[in-house]
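Number of protein chains: 2
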Amino acid sequence: MTARPRIKDVAELAGVAPSTVSVILNDVPGARVNTATRERVQAAARELGYLPNGLARGLRTRRSGTLALVSDVIASTPYAGQLIQGAQEAAWEAGYLLMLVDTGGDEVLERSAIRALRQQQVAGVLYATMFHRLVEVPDLLAGLPVVLLDARSSREDVPAVVPDEEAGARTAVGTLADHGHRRIGFVLDRNDGPAAAGRLAGYRAELAARGLAWDETLVVRAASTSDGGQEAVGTLLDMPEPPTAVFAFNDEMAVGAYHAAEDRGLRVPEDLSVVGFDDLYVLAREMRPGLTTVALPHRAMGAAAARSLLQLVTDPTAAVPSLQLIACPLVRRGSVAAAPHRR
Amino acid sequence: MTARPRIKDVAELAGVAPSTVSVILNDVPGARVNTATRERVQAAARELGYLPNGLARGLRTRRSGTLALVSDVIASTPYAGQLIQGAQEAAWEAGYLLMLVDTGGDEVLERSAIRALRQQQVAGVLYATMFHRLVEVPDLLAGLPVVLLDARSSREDVPAVVPDEEAGARTAVGTLADHGHRRIGFVLDRNDGPAAAGRLAGYRAELAARGLAWDETLVVRAASTSDGGQEAVGTLLDMPEPPTAVFAFNDEMAVGAYHAAEDRGLRVPEDLSVVGFDDLYVLAREMRPGLTTVALPHRAMGAAAARSLLQLVTDPTAAVPSLQLIACPLVRRGSVAAAPHRR
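These protein sequence lines map, in sequence, to chains A and B. Under UniProt numbering, the letters of the first sequence match residues 1 to 343, in that order. Under UniProt numbering, the letters of the second sequence match residues 1 to 343, in that order.
Keep in mind that the hints were calculated from the coordinates and are not lab data. Ideal Cβ placement from N, Cα and C applies to all residues, glycine included. Keep in mind that a hint or two might mislead.
[What the hints assert, rightly or not] A few chain A residues that don't get close to chain B, going by computed Cβ distances all over 10 Å:
| hint | residue |
| --- | --- |
| 1 | Glu39 |
| 2 | Gly81 |
| 3 | Gly143 |
| 4 | Ala167 |
[Claimed, not checked] Example chain B residues on the side facing chain A (calculated, C-beta under 7 Å, incomplete):
| hint | residue |
| --- | --- |
| 5 | Asp9 |
| 6 | Leu13 |
| 7 | Val16 |
| 8 | Ser19 |
| 9 | Ser22 |
| 10 | Leu100 |
| 11 | Glu107 |
| 12 | Ala113 |
| 13 | Ala116 |
| 14 | Ser154 |
| 15 | Asp157 |
| 16 | Ser226 |
| 17 | Val255 |
| 18 | Val282 |
| 19 | Leu283 |
| 20 | Leu323 |
[To be verified] Just the calculated beta-carbon pair ranges, DEER-fashion:
| hint | chain 1 | residue 1 | chain 2 | residue 2 | range |
| --- | --- | --- | --- | --- | --- |
| 21 | A | Glu216 | B | Ala36 | 39 to 47 Å |
| 22 | A | Ala223 | B | Gly15 | 16 to 24 Å |
| 23 | A | Asp271 | B | Gly334 | 52 to 60 Å |
Whenever a hint applies, use it, and build me the whole structure from the sequences.
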């Protein structure tokens with residue numbers, strides 16, 4: 001992930017306080033800064049490619065526009081941050097403030113929140129779920145520009161931005177095939193939804209593209225937790241002809257794959273290669289070996305959705321894509337090795 | 001952590017859709033629901049102790065009050081969710097909507113955001129940082145009720161809600177002492193701040209309370225990452241008389257302790273007991289053995305701060321505590337065992 005440079009990065013490089021950077025780059029009227037400092041900060045900003053945000057520039061002269069991000073549940077998912085950050089940066093660059101409201105999935109509360117946002121003349125709404133799923137767009141949003149974020153609805157007139165689950169799964173299975181694996185297990189969530197359906201479709205499609213046979217005994221459903229993954233991968237490893245690699249529906253199930261291997265005296269990746277999905281904050285990176293996984297592109301999704309929304313806010317008839325599938329990149333760490341028979 | 005029951009929990013227990021629960025428990029006018037379903041949902045709500053939120057009730061009849069949570073950086077920390085959830089639940093119960101604005105630590109943007117919130121007649125502001133630190137309260141907030149959340153300022157007139165870092169560290173060291181450990185290392189962040197200072201004070205205080213000698217060679221500073229923890233704990237383990245237990249400044253450093261032990265053929269907890277701090281989402285739970293750690297009470301802090309703010313919104317002269325230290329509970333998992341010489 002390449003992070004957009006932040007004010008503190010400029011401050012560090014220039015050796016000044018963030019407040020100084022802010023004052024200089026935003027041309028705060030009346031601020032006195034010596035020339036050498038100003039030049040050092042400007043040079044650091046250029047070197048890092050830092051852009052002062054449009055919101056700050058815009059708000060000095062006029063009342064701000066406001067966008068809202070209405071979501072079911074921010075709490076208890078570690079993903080929210082990146083979604084919000086992506087949306088926020090796009091909003092700020094266009095001079096809009098982003099207000100977040102979390103409804104806890106309570107429909108009555110959601111209606112109340114939307115009414116309050118409309119009273120406050122919000123220019124548009126990102127309607128987000130914290131896991132890719134199908135939603136009904138609330139009627140109360142009628143007439144307001146709306147973009148769905150990590151969610152889809154049956155209404156084709158509401159643009160949606162979601163992860164490209166199928167392509168992400170193809171990437172995962174593809175990297176295992178590239179390493180010579182021919183028997184690749186897939187452990188996935190018991191519950192169906194766009195994520196499970198898309199990842200399963202990708203698994204099938206990539207097997208077919210590689211000339212590998214579909215074998216339904218290699219697909220095991222369980223709870224999408226580490227315990228579920230451990231149980232499901234255990235089932236696979238206890239088969240007469242076990243797979244040499246496992247693609248896990250999410251990183252927690254992938255952790256379960258590590259445990260199932262360890263329980264049987266097998267090593268990851270030497271005896272069992274594992275690829276996860278999500279790039280779950282801290283966990284995937286801190287596993288030993290680090291977990292190779294397909295990242296959910298939360299920041300890119302947030303930014304794409306906010307940009308579509310801003311287009312609609314400016315021109316309600318703008319031709320924004322009705323569906324944007326955002327690519328899920330492979331994050332290579334240490335859990336994939338060549339298939340045993342190839343070494 | 002005991003989660004407050006949510007509408008979906010009631011729906012699951014009653015075997016109906018969440019929307020049905022919402023309609024029934026919020027007495028939505030004109031909704032038709034059969035009596036058996038209504039009774040089943042009401043019984044499930046009673047059984048779980050679910051309370052419909054005040055926001056929804058209040059908003060049907062009058063314009064909502066709005067509180068704002070202004071924070072430096074929500075993104076990239078997995079903590080934000082619980083802080084927000086705690087604050088939000090307290091706000092909702094009182095009939096207030098909570099709007100979140102993340103400023104990315106940019107002071108000019110923060111000023112713009114505060115101006116926008118004031119234009120929208122926000123009733124009060126929670127001013128939050130995502131790591132416990134010292135802040136200046138922006139002048140633009142003057143005259144508005146403000147409570148600091150996970151932050152403190154030099155101004156004593158602004159109430160603050162922060163974790164009780166010192167007592168949390170005493171709990172960590174205390175549980176190690178209870179298990180017979182006499183040589184307890186402490187690895188901590190190179191950077192000083194309220195968290196590092198408080199946890200170090202707690203470490204010293206608990207050693208003293210247990211009659212254990214202060215030994216500065218047992219305290220090692222490093223980067224507060226797993227690599228930093230691995231290096232710092234490695235230093236401790238390579239001492240002529242290494243500690244039998246380590247208290248780590250945070251869970252990532254604790255992960256490094258596991259790695260340092262593994263690198264030397266030592267087992268956690270048999271050869272080295274480890275206690276972390278933070279209860280970092282997923283990671284602490286998914287370690288093998290599970291990491292015993294001191295939890296940051298984000299949800300309780302969010303709720304306490306919102307309740308103080310609501311008191312001030314109702315009565316600006318209300319006597320709310322100027323400082324609330326929220327207890328950090330020990331989460332026992334599998335990384336602490338009796339000291340080797342005791343077995």
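We went through each hint and held it up to the structure:
With 10 Å as the threshold on Cβ separation, the claim that Glu39/A sits away from chain B holds: the shortest Cβ distance comes to roughly 20 Å. With 10 Å as the threshold on Cβ separation, the claim that Gly81/A sits away from chain B is violated: the shortest Cβ distance comes to roughly 4 Å. Interface exclusion of Gly143/A from chain B stands, the closest Cβ pair being 20 Å apart, more than 10 Å. Here Ala167/A stays apart from chain B, with its beta-carbon at least about 25 Å from theirs, past the 10 Å limit.
Annotation: Asp9/B was flagged as interfacial toward chain A, and the flag is violated, the nearest CB pair being 11 Å apart, outside 7 Å. The restraint placing Leu13/B at the interface with chain A is violated, with a minimum CB-CB distance near 15 Å, outside the 7 Å limit. At a threshold of 7 Å, the smallest CB-CB gap from Val16/B to chain A is about 13 Å, leaving the interface hint violated. Because the closest C-beta pair between Ser19/B and chain A is about 5 Å apart, less than 7 Å, the hint holds.
Here the hint on Ser22/B is kept, as its CB sits about 4 Å from the closest CB of chain A, short of 7 Å. Residue-level restraint check for Leu100/B holds (minimum Cβ-Cβ distance to chain A is 4 Å; threshold 7 Å). At about 5 Å, the closest approach between the beta carbon of Glu107/B and any beta carbon in chain A falls short of 7 Å, and the interface hint on this residue holds. For Ala113/B, the suggested interface contact is upheld, since its CB lies about 6 Å from the closest CB of chain A, less than 7 Å.
Interface restraint check: Ala116/B against chain A, minimum CB-CB distance 5 Å, threshold 7 Å, status holds. The beta carbon of Ser154/B is not positioned within 7 Å of any beta carbon in chain A (closest approach about 16 Å), and the interface hint is therefore violated. Checking Asp157/B against chain A: minimum C-beta separation of about 22 Å lies over 7 Å; hint violated. Interface hint status for Ser226/B: upheld, as the beta-carbon distance to the closest one in chain A is roughly 6 Å, under 7 Å.
Nearest Cβ of chain A to the Cβ of Val255/B: about 5 Å, under the 7 Å cut. The hint holds. Hint on Val282/B holds. Least Cβ distance to chain A is approximately 5 Å, under the 7 Å limit. A distance limit of 7 Å between C-beta atoms decides the matter here; for Leu283/B the minimum to chain A is near 5 Å, and the interface restraint holds. Interface restraint check: Leu323/B against chain A, minimum CB-CB distance 25 Å, threshold 7 Å, status violated.
In this structure the supplied range 39 to 47 Å holds for Glu216/A paired with Ala36/B, their Cβ-Cβ distance being about 41 Å. Between Ala223/A and Gly15/B the beta carbon distance is about 20 Å. The supplied range of 16 to 24 Å therefore holds. Roughly 25 Å separates the CB atoms of Asp271/A and Gly334/B, a value that falls outside the hinted 52 to 60 Å.
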